[in-house]
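Chains as they are written, first to last, in the UniProt record's numbering: chain A, 1 to 180; chain B, 1 to 352.
Treat the hints as calculated values from the structure; they're not laboratory data.
All C-beta atoms in this analysis are idealised placements derived from N, C-alpha and C, irrespective of residue type, glycine included.
Just so you know, not all the hints are guaranteed correct.
Claimed, not checked - Dumping the calculated DSS-like pairs for lysine-lysine here, alpha-carbon to alpha-carbon at most 27 Å:
no., chain 1, residue 1, chain 2, residue 2
1, B, Lys121, B, Lys180
2, A, Lys11, A, Lys72
3, B, Lys264, A, Lys34
4, A, Lys100, B, Lys251
5, B, Lys113, B, Lys191
6, B, Lys264, A, Lys50
What the hints assert, rightly or not - So these bits of chain A aren't anywhere near chain B, every CB distance computed over 10 Å:
no., residue
7, Ala17
8, Gly21
9, Cys36
10, Phe63
11, Asn112
12, Met136
13, Ala156
This is what each chain is made of:
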Amino acid sequence: MKVLNEEQTSKVFDKLAKYIGDNIKLLLDRPDGKYCFRIHKDRVFYVSEKVLRMASNVPIKNFISTGTCIGKFTHSKKFHLHITALNYVAPYAQNKIWVKPNAEQQFLYGHNVLKSGLGRITENTQKFQGVVVYSMNDLPLGLGLAGRSTAECKHADPLAIVCLHQTDIGEYVRSEDTLI
Amino acid sequence: MNAENVIRFEETRDPAKSTSVAKLVDVEIDPATLLVSDTNELDLKAYRNNADKYLESLARDDAQLLINALWEYPTERYEDCIVAKLPPPKYVIPREKPVPQPKPLTRWEEFAKRKGIEPNKKKSNLTWDDVLKKWVPRFGYKKSAAEKEKDWLIEIPQSEDPYVDMFEKKAQVKSEKVSKNEFQRLRNIAKAKNVKVPSMGLPPTPKLNSRQLNSAAKIAHLSTASLGKFQPHSSKEKLLSRGNIVPLEKKRKLPVPSLEEERKRNLNIANSILNKKPKLDVDKVVNRQIHSEEVEASEQKQSKKRKGRGGGKKRRSKGHHPANKEGKKPKGGGGKRLFGGKGKQQSGRKRR
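Using the sequences and the hints, build the whole thing.
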């Protein structure tokens, strides 16, 4: 388990900033103790200092996971967020999309959200910005990218893709074994 | 076996157990190598009857003769064993391995022989060191320790640059000497084994592997560059980084930062990322503008509806003007312009 180097850290923060903007500072400066990022086998974990200290007793050969896995680095050194990061991203999200109940299932099966399924969207969402997808009763369902800006959404035809799927809570079932 | 035993054997009538053996021709005995060579003729009849038994008895007789001969030499008792002093061997045993070839002469030995230079007489291992006032070996760890003790200070000669590190220079001279000696040693080995070695540079490798070929291609590509112009790469050439050709220095592992340091570093990175975003986001501004105009237009529409004028059949406008939702012909200056400046008034019909 290693400390992220500067390049990796900036990649992780870049990705997080897409979703939560300035609020990444809140993830680093928390009132309830020190939290930090650690990397192990290309997976990035968000761990509190207390848990980290206990985890350091585990030999690295037997080590699987600690804290919350927020994502992984791909072979081409890009950072991908995992659905497990939703707990930390959703409360701070700056842009949100609410999905109609009948489009909920489609999204949870890993499909994009179409204009027809769009219930609400936060104002001033830009194109290709990270958004957190909510159900109509405010349950965070996953992460996505805005396919259209808020203004464009209003004029888009019903089959236009409004939100590009990134991760959803259906992955807890679909890709249980790859998700640490 | 001792003398009593021998006497008792002689008393027995059994000829097979007698210590005296009669032979027509005396056998040749070399006690030093414990070798007996029996030149008597074989008893063919007895041999054909029972070969094993005959050879066994023959061997026993000859062994008895050898042991009898051994007892003729002066014996003494040495820690429970009776030991005889044997004469020097008569029989010369042929050697198993071929006679070793003389070592091929090294380059220097050859030169010395040609010029008639006498090789150095044996040097003593220790030399007297006047500075340290003690005996110091010529080489080895004690010698280098003594050198270190002696060279705590080096005088800089007047001709030298005073800012040159003399210790480093000395170490470099020594390492060069060592590598020169190693080179000469390898050259002597190559000469002794008749391996052809070029007088300059490295020997050509008979078969280059793909990486070596690629690095050669890369080097050639760099060296044939003319005034900053490079030849185009061939399609099948694998492009290598510098690290693949010249092994780069290994990066030292950074020490693990403390949590506080890490937090500060992370905050710095986060700040730099957040500050990187452009202050004026054109997209955002345009979207906001469109949004506010829409709101305004819808308000207008609402107010018109309340006046009861918009009851007629509505036609959706073909243009992209979001404010122009009613089926009216646009009039210059009548509607609000999206992108036109406020002070700039345009006249005439709107062209589409």
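Violated hints - listed by number, lowest first
Result: hints 4, 7, 8, 9 break, sorted rising.
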